Amino acid sequence: MFEIVTRELKGIFYSWKGAIWIVTCSLVFSGVSYLLLTDKELSLLDQGEMLFMLTEVIIVLGLILSTVTASTIISGEREAGTLETLLLTPLPPLQIAVEKLISIIVLWLILYLVSMPYIVVIANGTGLTASAIIYTGLYGTILVLGISLIAIAVSAISNSTNTSLLTSLTLVLVLLSPTLFFSASLKNNGFGSVIESINPFSQAFNSLDNILVDNIQVLIHQMQYIPALVIFLLVGAGIFYRSCRNLEFSGGTE
Amino acid sequence: MTMTASRIALFTLLLTVMFSTLATAQLPGIPANDPIRVNLLSSETIETTAGQIITVNAAVSNTGNETASGIAYISIVDEQAKIPVDLEDWSAQKGIHLQDIRPGQSIPTQWSVRLVKSGTYTVAILFSKEAKGGITDSSPPAASSRTVLIIAPKINLNPNNVLPVAFGMPLLLVIIVGVLHYRRGRSVGMY
Chain A
1 MFEIVTRELK GIFYSWKGAI WIVTCSLVFS GVSYLLLTDK ELSLLDQGEM
51 LFMLTEVIIV LGLILSTVTA STIISGEREA GTLETLLLTP LPPLQIAVEK
101 LISIIVLWLI LYLVSMPYIV VIANGTGLTA SAIIYTGLYG TILVLGISLI
151 AIAVSAISNS TNTSLLTSLT LVLVLLSPTL FFSASLKNNG FGSVIESINP
201 FSQAFNSLDN ILVDNIQVLI HQMQYIPALV IFLLVGAGIF YRSCRNLEFS
251 GGTE
Chain B
255 MTMTASRIAL FTLLLTVMFS TLATAQLPGI PANDPIRVNL LSSETIETTA
305 GQIITVNAAV SNTGNETASG IAYISIVDEQ AKIPVDLEDW SAQKGIHLQD
355 IRPGQSIPTQ WSVRLVKSGT YTVAILFSKE AKGGITDSSP PAASSRTVLI
405 IAPKINLNPN NVLPVAFGMP LLLVIIVGVL HYRRGRSVGM Y
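For the record, the sequence lines run as chains A and B. First residue of the first sequence? That's 1 in the working numbering, and the numbers climb one at a time after it. First residue of the second sequence? That's 255 in the working numbering, and the numbers climb one at a time after it.
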């Protein structure tokens, strides 16, 4: 049980190349915290807004990291010729895929753990520390799980890591774009608000904004944001199940 | 004697005419009797911290005999950098159109300004008269006196909390990864 999870994680942590991402993510969090402390304009922001900015960075980094890892996790094995060996083990294909998914969730949890001290120092004195930690964990895990399910499914049907990586990253960018590029203008527009309401990424960030900036910390008030996230998870699980129940040596998509 | 007295009288007359001409002379570009007065109602010096929103109050009065229209606007100058500030960043309303200020009328105006950066600034309100009946008006704007803004920096985050984490976490992670890598290397005979 969990042999593949252990193997994947060892592959990451026992090599400099694999482990450098944790240090890089930590450097990004340090950079953001340092800017919030020293930048003349950023340092004027309300602490809730600072915290929201930091949690956005944490979740976006988690999403990019998990997408990159997930989208190459099966197609990479296929390209390297190691998928055949893996499929010859007594493990059913779906279990192989699920174990690989767990290894990605563990990676996210490590990133989340690394981000915690930053959340604590930025939230210090606001009374938002617990909410920031809980909701970043909750929304981050749901989004990472959902996007990893889809990225692994894409990886399972691709023969080329480039194809699966590009497809999955494009999906992440499309889902992130309303939040990163058009947030304010979308909310003022009928069509835009519909897009926002069905986009799980936007819903998660809107809820975080509600909690950290507007200080509405009760879970019941966040219920309006949950359906899009649940649907995203269900759709991801469906695609994952369909693509991974019968893993083959050849994916079929170049 | 009579000659000297008349010369002195003539000289005095000349001096009087000269001074009275100078007194009523209009320097180029500055109207002698501008009917518009802009009075800054806020205190002469405001000391506050960055991030605050202050309200600058002024009144535009028409002391003339004719109705006047124009635009009242705020000017904030950074006295240390010697440049005017970008009002968009300071969320300041740029201009207020005041139409038909009747003779003797005084219109109060208000500007909310978000103090973005610490430093010393001067704030003034100006009023630029609108052209009437298609005739261009090149007279200079009426200006109020200035309020001095002394803005102290605001510190939201505690550097004693943030800096150790910002510098310590990456270092700690490098050490953990290094130890893991070294232990793995030793177990497989790399070191």
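Check each hint, because a few of them may be wrong.
[Claimed, not checked] In silico DSSO-like links for lysine-lysine, alpha-carbon gap of 27 Å or less: (1) K386/B to K371/B; (2) K408/B to K40/A; (3) K40/A to K386/B; (4) K371/B to K408/B.
[Said to hold, decoys possible] Here's a subset of chain A near chain B, in silico, CB distances under 8 Å, partners left out: (5) F13; (6) S26; (7) Q47.
Everything labelled a hint here was simulated from the structure, so no lab data went into it. The structure displayed is predicted, hence computed values, not measured ones. Quick reminder that beta carbons are idealized off the backbone N, C-alpha and C, glycines included.
Does the nearest C-beta of chain B fall within a distance shorter than 8 Å of the C-beta of Q47/A? holds (5 Å)
Hint validation: F13/A versus chain B, beta carbon distance must be below 8 Å. Holds or violated? With a closest approach of 6 Å, the F13/A hint holds.
Given hint K40/A paired with K408/B - CA-CA distance at most 27 Å: Between K408/B and K40/A the Cα gap is close to 9 Å, so the pair holds against 27 Å.
Decide if the proposed pair is consistent with the structure: K371/B and K408/B, CA atoms, cutoff 27 Å inclusive. holds (9 Å)
If you draw a straight line from the CA of K40/A to the CA of K386/B, is it 27 Å or shorter? It is violated: about 45 Å lies between the C-alpha atoms, which goes past 27 Å.
Given the hinted pair K386/B and K371/B, is their Cα-Cα distance within 27 Å? At roughly 40 Å apart (the allowed maximum being 27 Å), K371/B and K386/B break the hint.
Hint validity - S26/A Cβ closer than 8 Å to any chain B Cβ: Since chain B brings a Cβ to about 5 Å from S26/A, closer than 8 Å, the hint holds.
Consistency with the previously given hints fails for numbers 1, 3, ordered from lowest to highest.
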